[in-house]
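Residue numbers (numbering that gives the first Met the number 0), protein chains in the order written: chain R, 0 to 496; chain P, 0 to 173.
Just so you know, these hints were derived from the structure itself, not from any lab.
The beta carbon of each residue, even a glycine, is placed where N, CA and C say it ideally should be.
Incorrect hints may appear among the rest.
[To be verified] So the derived list for chain P, only partly shown, Cβ under 10 Å to chain R, looks like this:
(1) F11
(2) V30
(3) V65
(4) M66
(5) D70
(6) T73
(7) R99
(8) V103
(9) C143
What follows is the residue order along each chain.
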Amino acid sequence: MVQERRILYEHLDVPNINTFDVYRQHEGYTRFEKAIAEYQPEEIAQMVWDAGLKGRGGAGFSTGEKWSFVPRDIEPRYLCCNADESEPGTFSNRYVLEKNPHLLIEGILICCYAMGIETTYVYIRGEFTLGKKMLDAAIKEAYEQGYLGENVRDTGLNINIYSHPGAGAYICGEETGLIESLEGKRGQPRNKPPFPAVQGVFMKPTVVQNVETLCNLPFIVGNGVEWYTQMGPTYADTRKDPPEPDRNTGTKLYCISGDVNEPGVYELDLGLTCTELIEVAGGLRGEEVKAVIPGGSSAPILTHYELDTRLDFTSLTLAKSMLGSGGIIVMNETRNIVDCLLNIMKFYAHESCGQCTPCRWGTPWVRDIVQRIADGEGRQTTITRPKFGVTESGRWGDTGETEEIYEDLDLLENVANNIANVDTMTWNTICVFGIAVSWPAVSYMRKFRPEFEAAIREGKLVTLPIAEATVPPEENYAYQQRFIPKEFSELQETTED
Amino acid sequence: MSDEIIQIETPFQFNEENKREFDELIGRYPVKEAAMLPTLHLAQRQAGYISPAVMKYVAELLELSVMKVKDVVTFYPMFFEEPVGKYVIRVCHTLPCALRDCKVVLEHLKAKLGTDIASETNLAKGTTDDGKFTLMKVECLASCDVAPVIMVNDDLYKNLTPEMVDELLEQLPN
Numbered sequence: 000m001v002q003e004r005r006i007l008y009e010h011l012d013v014p015n016i017n018t019f020d021v022y023r024q025h026e027g028y029t030r031f032e033k034a035i036a037e038y039q040p041e042e043i044a045q046m047v048w049d050a051g052l053k054g055r056g057g058a059g060f061s062t063g064e065k066w067s068f069v070p071r072d073i074e075p076r077y078l079c080c081n082a083d084e085s086e087p088g089t090f091s092n093r094y095v096l097e098k099n100p101h102l103l104i105e106g107i108l109i110c111c112y113a114m115g116i117e118t119t120y121v122y123i124r125g126e127f128t129l130g131k132k133m134l135d136a137a138i139k140e141a142y143e144q145g146y147l148g149e150n151v152r153d154t155g156l157n158i159n160i161y162s163h164p165g166a167g168a169y170i171c172g173e174e175t176g177l178i179e180s181l182e183g184k185r186g187q188p189r190n191k192p193p194f195p196a197v198q199g200v201f202m203k204p205t206v207v208q209n210v211e212t213l214c215n216l217p218f219i220v221g222n223g224v225e226w227y228t229q230m231g232p233t234y235a236d237t238r239k240d241p242p243e244p245d246r247n248t249g250t251k252l253y254c255i256s257g258d259v260n261e262p263g264v265y266e267l268d269l270g271l272t273c274t275e276l277i278e279v280a281g282g283l284r285g286e287e288v289k290a291v292i293p294g295g296s297s298a299p300i301l302t303h304y305e306l307d308t309r310l311d312f313t314s315l316t317l318a319k320s321m322l323g324s325g326g327i328i329v330m331n332e333t334r335n336i337v338d339c340l341l342n343i344m345k346f347y348a349h350e351s352c353g354q355c356t357p358c359r360w361g362t363p364w365v366r367d368i369v370q371r372i373a374d375g376e377g378r379q380t381t382i383t384r385p386k387f388g389v390t391e392s393g394r395w396g397d398t399g400e401t402e403e404i405y406e407d408l409d410l411l412e413n414v415a416n417n418i419a420n421v422d423t424m425t426w427n428t429i430c431v432f433g434i435a436v437s438w439p440a441v442s443y444m445r446k447f448r449p450e451f452e453a454a455i456r457e458g459k460l461v462t463l464p465i466a467e468a469t470v471p472p473e474e475n476y477a478y479q480q481r482f483i484p485k486e487f488s489e490l491q492e493t494t495e496d
Numbered sequence: 000m001s002d003e004i005i006q007i008e009t010p011f012q013f014n015e016e017n018k019r020e021f022d023e024l025i026g027r028y029p030v031k032e033a034a035m036l037p038t039l040h041l042a043q044r045q046a047g048y049i050s051p052a053v054m055k056y057v058a059e060l061l062e063l064s065v066m067k068v069k070d071v072v073t074f075y076p077m078f079f080e081e082p083v084g085k086y087v088i089r090v091c092h093t094l095p096c097a098l099r100d101c102k103v104v105l106e107h108l109k110a111k112l113g114t115d116i117a118s119e120t121n122l123a124k125g126t127t128d129d130g131k132f133t134l135m136k137v138e139c140l141a142s143c144d145v146a147p148v149i150m151v152n153d154d155l156y157k158n159l160t161p162e163m164v165d166e167l168l169e170q171l172p173n
């Protein structure tokens with residue numbers, strides 16, 4: 000049985016931890032004090048780089064690397080804390096904001112010190128009224144105690160934190176969408192480059208970080224890089240010669256929901272498998288796992304063949320999925336995948352910001368196709384088309400065989416791939432919302448194709464037994480090349496032999 | 000044309016408390032436009048919804064054109080352009096809640112309130128005749144572990160069953 004390793008969430012359930020006094024009794028702000036007493040700002044940035052901290056918001060980009068892009072000679076610089084948690088299946092930031100807001104403030108202080116930033120905006124989604132209230136109260140206390148404001152703790156630093164409410168738009172979780180929204184405009188993402196690190200909010204260098212990423216900083220500074228890098232697996236990146244270590248350090252706040260007995264947030268080392276995680280969450284509610292969404296609704300789905308996949312940045316990328324924000328949704332044998340996809344596509348059709356044509360028109364189109372299939376009106380072409388291939392005479396041509404066409408399934412894949420192509424990983428939109436739409440659409444359809452075909456054929460939603468509903472990995476292009484990555488230490492052993 | 004519409008509305012103004020809060024807000028940003036969302040939230044809390052008169056007032060405060068304010072208001076689902084009920088009930092219906100039978104809660108609310116579900120362009124459709132409730136569906140409320148959830152104005156209610164919905168509706172004062 001895997002044990003939880005509570006670091007960010009260690010004191011979450013302590014009564015009144017949201018107040019300054021109680022937080023202070025639990026090592027509160029000591030890490031920030033250590034940072035300003037013992038380290039230069041550049042040293043902190045280097046520590047974060049060395050710790051291998053990856054952004055927890057979705058993209059999994061190295062935090063230290065992102066900080067290195069920020070030009071230190073342009074003033075002022077800004078920090079935007081992304082608390083616009085709206086990815087379906089993700090809810091870890093809510094608990095930090097509502098129960099332990101001082102931890103976030105300490106993380107922000109360390110980031111501000113390291114990057115020489117004076118102003119921070121915490122962009123909280125509009126629905127988090129309690130979270131905003133708690134954070135505002137904590138910010139007020141921190142000002143009173145001299146941890147914020149002018150001349151923080153007599154160090155000559157000026158640091159201000161302001162909370163900024165969103166207004167219910169999912170796209171504002173995208174970093175440039177967030178910046179536009181913060182500037183008081185429609186939250187429509189910007190073209191990159193220039194990246195926010197160079198020209199972000201108010202056209203000044205901006206660091207955009209997720210709540211969870213910032214909450215990791217006090218522990219990296221407090222306990223040291225060595226302690227932090229012990230946690231999580233290190234793989235060998237064999238694309239490089241010689242292979243470089245690809246690290247997945249630290250813990251992750253896994254949010255588990257759906258068909259498990261004890262849904263909730265579990266803080267665990269990166270790199271445990273889906274099966275282990277379901278076990279930690281009190282086991283499956285139902286008989287068998289049909290599918291697992293590993294990283295919020297944007298992530299491609301995993302089938303029951305892939306339950307041994309380790310949930311970390313590297314392994315999920317190699318499994319053609321992503322860890323994303325760590326929102327894991329489990330589905331048991333009673334769930335219909337067509338119905339689930341319809342739900343998700345309604346979400347994306349609603350949340351498309353309308354800036355880029357492929358997404359504005361493509362998302363409702365995909366939704367309509369799935370709706371049609373779910374309503375039992377899916378289009379199936381009765382005329383069979385000739386199958387092309389190498390004929391008996393050895394030439395390319397009609398082989399004489401015929402192929403049944405499920406017109407709507409081809410159309411679904413075509414439309415989705417024209418918003419963003421999941422095979423080549425290129426998108427026809429400004430931001431990655433495009434790929435967040437076509438990834439689930441195409442992966443659900445490819446991996447659970449029999450269920451889609453059955454719905455079209457029978458004219459109603461049919462929930463097939465798991466074995467029939469899932470396409471096996473060896474038969475299908477859906478999974479692509481899939482292998483379990485080797486740990487770096489294992490690779491070194493083999494090369495030494 | 001738009002000016003004529005604005006003329007016939009009663010002018011809107013912040014009350015003293017909100018004016019103070021606005022003055023504090025505006026100092027946070029290097030440009031006034033950036034205070035748009037918090038200002039609109041304040042205005043909506045006072046006026047109930049963002050009428051053309053509110054837009055005009057906010058535009059004057061932030062030194063922008065009314066069009067720019069309207070541009071923002073129409074983008075964000077949390078801003079209402081029509082009057083809504085005293086209690087806005089937001090029912091989450093995204094996948095994790097759907098897996099935990101949010102449909103039952105939604106249908107129960109519909110039957111109990113005797114109203115349809117509001118759409119973004121037609122809020123009146125989901126508002127009860129007495130103007131007490133507005134029922135709407137929203138996307139993920141980031142509380143998937145305690146699904147199904149609903150929000151009544153600013154408060155979140157978790158792990159709902161139809162019985163709990165009944166209790167909750169009775170508790171709300173008129």
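Inset, instruction - Check each numbered hint from earlier against the structure, then list the numbers of those it violates in ascending order. - result: 1, 3, 4, 8
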